[in-house]
Amino acid sequence: MSKVNLNPNPLKQAKTGSEPLIKRILRSPWYPGILQWPTLLVFNLVIWQLLWGPKDAHDNFGTAMTWVIWWPVIPIFFMLLGRFWCAVCPFATISDLFQKWFGTNLPVPRWLKKYGIWIIDIAFIVITWADHVYGIVESPRGSGYLLLIIFTGVVVAGVLFSRRTWCRYLCFLGGLSGNYSRAAVVELRATPEVCKNCRDLACYKGNEKAPGCPMFEVPRTMDSNALCNFCGYCVKSCPNDSITIKTRPATKELWFIRRPKLEESFLAVVIMGIVFVQNITMLDVWDTILKTLEKLAGTDSYFVTFTITFILAMSLTVAAMWFTSFFSARGTGERAWSNFAKFGYAIIPLDLAGHVAHNLFHLLSEGLAVVFTGMALLGMEVHDMSPAILGDEAIQILQYSLIVLGTVASLYTAKRIAVSNYQEKAKAGKAFLPYLVFILLLGVINAVLFYLPMAHRM
Amino acid sequence: MPTGRIYQAAVIAALALFFFANLSINTWASPGKKGHEEPQAKQDLVAPPPLQDSARETEPQIKREYRVQLATTPSPLVKGKNKVSLYISTPEGQPVENVLVKGVLRMEPEMKGHGKMPAILLDLPFAAQAEPGWYASGAVLKHDGSWSLELALVYPDGQEQSFASDLAVIDEGPNKLVLAAFGSIIAGAILLAQVLKRTLKTSDEEVPAGE
Numbered sequence: 001m002s003k004v005n006l007n008p009n010p011l012k013q014a015k016t017g018s019e020p021l022i023k024r025i026l027r028s029p030w031y032p033g034i035l036q037w038p039t040l041l042v043f044n045l046v047i048w049q050l051l052w053g054p055k056d057a058h059d060n061f062g063t064a065m066t067w068v069i070w071w072p073v074i075p076i077f078f079m080l081l082g083r084f085w086c087a088v089c090p091f092a093t094i095s096d097l098f099q100k101w102f103g104t105n106l107p108v109p110r111w112l113k114k115y116g117i118w119i120i121d122i123a124f125i126v127i128t129w130a131d132h133v134y135g136i137v138e139s140p141r142g143s144g145y146l147l148l149i150i151f152t153g154v155v156v157a158g159v160l161f162s163r164r165t166w167c168r169y170l171c172f173l174g175g176l177s178g179n180y181s182r183a184a185v186v187e188l189r190a191t192p193e194v195c196k197n198c199r200d201l202a203c204y205k206g207n208e209k210a211p212g213c214p215m216f217e218v219p220r221t222m223d224s225n226a227l228c229n230f231c232g233y234c235v236k237s238c239p240n241d242s243i244t245i246k247t248r249p250a251t252k253e254l255w256f257i258r259r260p261k262l263e264e265s266f267l268a269v270v271i272m273g274i275v276f277v278q279n280i281t282m283l284d285v286w287d288t289i290l291k292t293l294e295k296l297a298g299t300d301s302y303f304v305t306f307t308i309t310f311i312l313a314m315s316l317t318v319a320a321m322w323f324t325s326f327f328s329a330r331g332t333g334e335r336a337w338s339n340f341a342k343f344g345y346a347i348i349p350l351d352l353a354g355h356v357a358h359n360l361f362h363l364l365s366e367g368l369a370v371v372f373t374g375m376a377l378l379g380m381e382v383h384d385m386s387p388a389i390l391g392d393e394a395i396q397i398l399q400y401s402l403i404v405l406g407t408v409a410s411l412y413t414a415k416r417i418a419v420s421n422y423q424e425k426a427k428a429g430k431a432f433l434p435y436l437v438f439i440l441l442l443g444v445i446n447a448v449l450f451y452l453p454m455a456h457r458m
Numbered sequence: 001m002p003t004g005r006i007y008q009a010a011v012i013a014a015l016a017l018f019f020f021a022n023l024s025i026n027t028w029a030s031p032g033k034k035g036h037e038e039p040q041a042k043q044d045l046v047a048p049p050p051l052q053d054s055a056r057e058t059e060p061q062i063k064r065e066y067r068v069q070l071a072t073t074p075s076p077l078v079k080g081k082n083k084v085s086l087y088i089s090t091p092e093g094q095p096v097e098n099v100l101v102k103g104v105l106r107m108e109p110e111m112k113g114h115g116k117m118p119a120i121l122l123d124l125p126f127a128a129q130a131e132p133g134w135y136a137s138g139a140v141l142k143h144d145g146s147w148s149l150e151l152a153l154v155y156p157d158g159q160e161q162s163f164a165s166d167l168a169v170i171d172e173g174p175n176k177l178v179l180a181a182f183g184s185i186i187a188g189a190i191l192l193a194q195v196l197k198r199t200l201k202t203s204d205e206e207v208p209a210g211e
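Line by line, the protein sequences give chains A and B. Residue numbering for the first sequence follows the working numbering, starting at 1 and increasing by one per position. Residue numbering for the second sequence follows the working numbering, starting at 1 and increasing by one per position.
Derived from the structure by calculation, the hints contain no laboratory data. Mixed in with the good hints, there may be bad ones.
[Said to hold, decoys possible] Calculated from the model, a selection of chain B residues having no Cβ within reach of chain A, i.e. all distances over 12 Å:
{"no.": "1", "residue": "K81"}
{"no.": "2", "residue": "S89"}
{"no.": "3", "residue": "V99"}
{"no.": "4", "residue": "K102"}
{"no.": "5", "residue": "R106"}
{"no.": "6", "residue": "A152"}
{"no.": "7", "residue": "V154"}
{"no.": "8", "residue": "Y155"}
{"no.": "9", "residue": "D157"}
{"no.": "10", "residue": "Q159"}
{"no.": "11", "residue": "D166"}
[What the hints assert, rightly or not] Keeping only pairs whose Cα atoms sit at most 20 Å apart, straight-line, the calculated EDC-like set for lysine to aspartate or glutamate is:
{"no.": "12", "chain 1": "B", "residue 1": "K142", "chain 2": "A", "residue 2": "D56"}
{"no.": "13", "chain 1": "B", "residue 1": "K79", "chain 2": "A", "residue 2": "D59"}
{"no.": "14", "chain 1": "A", "residue 1": "K55", "chain 2": "B", "residue 2": "E108"}
{"no.": "15", "chain 1": "A", "residue 1": "K55", "chain 2": "B", "residue 2": "E172"}
{"no.": "16", "chain 1": "A", "residue 1": "K55", "chain 2": "B", "residue 2": "D144"}
{"no.": "17", "chain 1": "A", "residue 1": "K55", "chain 2": "B", "residue 2": "D171"}
{"no.": "18", "chain 1": "B", "residue 1": "K79", "chain 2": "A", "residue 2": "D56"}
{"no.": "19", "chain 1": "B", "residue 1": "K79", "chain 2": "A", "residue 2": "E138"}
{"no.": "20", "chain 1": "B", "residue 1": "K142", "chain 2": "A", "residue 2": "E138"}
[Stated by the list, open to error] Label pairs and their calculated CB-CB ranges:
{"no.": "21", "chain 1": "B", "residue 1": "T199", "chain 2": "A", "residue 2": "E193", "range": "40 to 48 Å"}
{"no.": "22", "chain 1": "B", "residue 1": "A119", "chain 2": "A", "residue 2": "D392", "range": "34 to 42 Å"}
{"no.": "23", "chain 1": "B", "residue 1": "A164", "chain 2": "A", "residue 2": "L296", "range": "37 to 45 Å"}
In this text, a Cβ means the ideal position worked out from N, Cα and C, and glycines have one as well.
Make a model of the complete structure from these sequences and hints.
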């Protein structure tokens with residue numbers, strides 16, 4: 001394990017020249033503002049293009065930026081840097097600004113705290129469904145409306161409630177980023193020995209150096225990346241210099257989830273279903289599937305046929321996971337849902353791999369569309385040039401590699417979850433075996449889907 | 001004046017300007033009202049596309065060749081309200097009155113394999129205008145893309161002609177009502193926050209349970 005305590009003796013070494021670069025960056029008064037403002041600027045350009053730019057996705061800079069660059073790259077960010085994106089996300093900046101100007105700082109309602117993650121899960125599912133039915137990704141205006149909906153939600157939450165209520169309890173990407181960032185290779189944590197006698201809690205409440213944690217976290221009890229966005233406020237405000245940033249093996253956090261939550265595991269499993277749907281609808285075989293469904297359903301309404309496909313993909317994946325958990329629980333004498341919650345986290349690496357692999361196709365085979373549409377903004381038209389960065393075969397090799405890596409990481413995670421939950425080897429083995437079969441099956445399905453030819457976004 | 005107040009005033013002004021500007025710039029009105037240019041004279045026509053005279057080949061017995069010019073407001077047509085105008089004249093350039101004009105706009109939607117949709121047909125009720133030779137109809141188009149205009153004309157001398165022409169319909173931007181709705185929600189939330197700020201003492205510094 002490559003554990004690097006970036007501040008082994010914080011009380012003595014605080015604010016000295018020997019401080020590691022990453023911590024110096026987080027402590028800098030320029031951070032995260034120096035990244036937030038350019039991001040906000042680009043976001044404005046994207047919104048303008050989506051709403052008032054070319055109606056054809058192929059020619060729209062906003063579509064290229066959002067769906068060819070941002071969406072494919074974002075899971076890679078989560079994997080490498082946790083929720084760092086959330087620190088510079090334009091919506092977070094917008095929330096902060098509106099809160100500063102108009103905010104009333106009401107406490108977050110209890111129901112939102114309790115059911116927020118379910119709202120996130122449902123919103124994510126609904127948006128994915130709506131994308132297919134209404135063609136959000138293919139339509140710059142549709143994408144623009146989606147961003148406007150989010151913008152409105154962000155502003156309403158920002159002016160009424162405290163801190164980044166939207167980001168923590170409502171952002172549809174929050175559930176995804178929370179899950180993915182658990183697999184990240186860096187973590188920000190407080191040093192328990194230093195925090196033991198602290199009564200200030202400046203990290204939570206804020207002080208003259210920085211505001212309190214925008215995600216409502218208290219670093220000294222934080223044992224997960226799910227809600228840390230690496231904004232660096234706690235690094236700046238902590239009077240005892242307790243905060244450390246450590247590297248860790250990818251997926252390690254998933255091995256020791258202390259309080260597994262069904263809603264988080266549920267999202268992990270549902271995302272696998274969504275990856276399947278995303279892939280299936282972009283395959284040439286999709287038309288054949290649609291025609292069969294049209295015959296079975298007795299209607300040629302895409303709304304109906306896609307909704308059936310979507311519900312089937314979600315529920316079959318969840319049902320398969322439940323049956324796996326049922327068999328696993330039989331070996332350990334527990335409830336199926338309890339094992340579902342525990343082992344659902346093991347699907348996250350494969351989710352991540354599937355998500356990146358799927359979007360890698362768009363990123364690498366259409367990536368130059370950003371350059372071309374950007375040049376068109378400046379009046380320089382580019383014609384008859386391929387937007388591909390890599391050839392299809394090279395992309396497919398990368399996709400397979402990712403799926404294999406994701407499957408292995410998921411299997412290893414499931415094994416570690418079993419070992420950390422059951423002291424007896426035999427019991428751990430019985431708990432793990434059904435997941436071994438299930439994860440292998442998911443890996444094979446993903447590999448088959450990536451073998452088939454896929455359609456472009458732009 | 002404190003900086004915060006200046007920011008607040010600037011943001012409110014910018015928001016108001018943004019929405020009112022959008023609403024006013026793109027507001028369409030019924031033909032002849034503000035927001036639309038009335039094609040009053042031939043020079044007002046924006047490059048009338050040459051209409052394909054399908055009758056010319058099929059009906060060689062036609063003696064008089066009437067000239068039909070097409071003008072749209074706006075040009076090109078947009079998703080939403082439009083006005084389609086025709087100027088009909090004799091070969092000598094004299095306006096022709098009492099022409100019976102029947103028009104249909106047709107679109108064959110493409111669904112990229114995502115289901116089938118029947119052709120969209122829109123009848124254009126052309127009516128003679130105050131200016132001799134001018135006939136016009138409103139056209140509310142709910143879809144952008146490629147439409148075809150099909151015209152059937154019956155002249156005062158009993159002669160009949162039909163025309164077909166492709167017209168591109170563009171989507172100018174987002175729906176103004178949707179923008180206004182989002183703006184209203186945001187403005188409402190800001191107002192509510194200001195009211196609550198004055199009536200409630202709020203603080204979020206309560207440390208989470210377990211600390």
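Structure-based check of all given hints:
| no. | hint | result |
| --- | --- | --- |
| 1 | K81 | holds (18 Å) |
| 2 | S89 | holds (36 Å) |
| 3 | V99 | holds (36 Å) |
| 4 | K102 | holds (31 Å) |
| 5 | R106 | holds (21 Å) |
| 6 | A152 | holds (31 Å) |
| 7 | V154 | holds (38 Å) |
| 8 | Y155 | holds (39 Å) |
| 9 | D157 | holds (44 Å) |
| 10 | Q159 | holds (41 Å) |
| 11 | D166 | holds (18 Å) |
| 12 | B:K142 - A:D56 | holds (17 Å) |
| 13 | B:K79 - A:D59 | holds (19 Å) |
| 14 | A:K55 - B:E108 | holds (18 Å) |
| 15 | A:K55 - B:E172 | holds (8 Å) |
| 16 | A:K55 - B:D144 | holds (9 Å) |
| 17 | A:K55 - B:D171 | holds (7 Å) |
| 18 | B:K79 - A:D56 | holds (14 Å) |
| 19 | B:K79 - A:E138 | holds (18 Å) |
| 20 | B:K142 - A:E138 | holds (18 Å) |
| 21 | B:T199 - A:E193: 40 to 48 Å | holds (45 Å) |
| 22 | B:A119 - A:D392: 34 to 42 Å | holds (37 Å) |
| 23 | B:A164 - A:L296: 37 to 45 Å | holds (40 Å) |
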